[in-house]
Amino acid sequence: MTPGPAVLTASSKILIVDDLPDMRAALHGILKDLGFGNTLSANDGSAARRIVEANRDIALVISDWNMAPMDGLALLAGLRKDAQLRLVPFILVSAEAGPYRKNQAMEAGVSLFLPKPLDAEMLRRALTDIGLM
153 MTPGPAVLTA SSKILIVDDL PDMRAALHGI LKDLGFGNTL SANDGSAARR
203 IVEANRDIAL VISDWNMAPM DGLALLAGLR KDAQLRLVPF ILVSAEAGPY
253 RKNQAMEAGV SLFLPKPLDA EMLRRALTDI GLM
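According to the numbering used here, the sequence shown is numbered sequentially starting from 153.
There could be a bad hint or two in this list.
In silico DSS-like cross-links for lysine-lysine, where the CA-CA straight-line distance does not exceed 27 Å [claimed, not checked]:
1) K268 - K165
2) K233 - K165
3) K184 - K268
4) K165 - K254
By construction, these hints were calculated from the structure, which means they are not laboratory data.
Sequences and hints are given; from them, build the entire structure.
Below, the structure written as structure tokens:
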């Protein structure tokens with residue numbers, strides 16, 4: 153049996169990936185309010201992948217879906233192929249949150265799919281639901 157993810161601590165590294173600076177800042181603020189201030193950020197999947205390669209102790213990735221040149225689903229696929237990173241919890245968020253998108257995300261191996269916009273309570277519940285809080 154594969155062990156579940158570790159509960160996040162104040163020092164856990166959380167990677168926020170979104171092409172919108174305001175969304176990255178909002179997520180950073182929400183996470184800080186929840187007690188998780190050790191965040192890194194990237195504006196697309198390619199930049200996120202470089203950050204993960206340099207910080208292989210990432211405890212959680214929260215990524216937007218729609219970004220260029222590499223979107224969140226492609227970032228997820230790359231992480232799931234890496235033996236050391238394949239179990240890192242991955243929350244995919246999108247403004248396009250219909251059932252088809254959610255099913256597509258779940259089939260790709262996300263830990264959780266959330267609709268935008270996110271708020272603190274939604275993220276707190278999500279982290280609890282996947283065993284990180």
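To see whether the hints hold, each was checked on the structure:
1. Under the criterion of a C-alpha separation no larger than 27 Å, the hint pairing K268 with K165 is consistent with the structure, at around 22 Å.
2. For the suggested pair K233 and K165, the alpha carbons sit about 20 Å apart, so the restraint of at most 27 Å is met.
3. Pair hint K184 plus K268 holds up; C-alpha atoms about 19 Å apart against a cutoff of 27 Å.
4. Pair hint K165 plus K254 holds up; C-alpha atoms about 26 Å apart against a cutoff of 27 Å.
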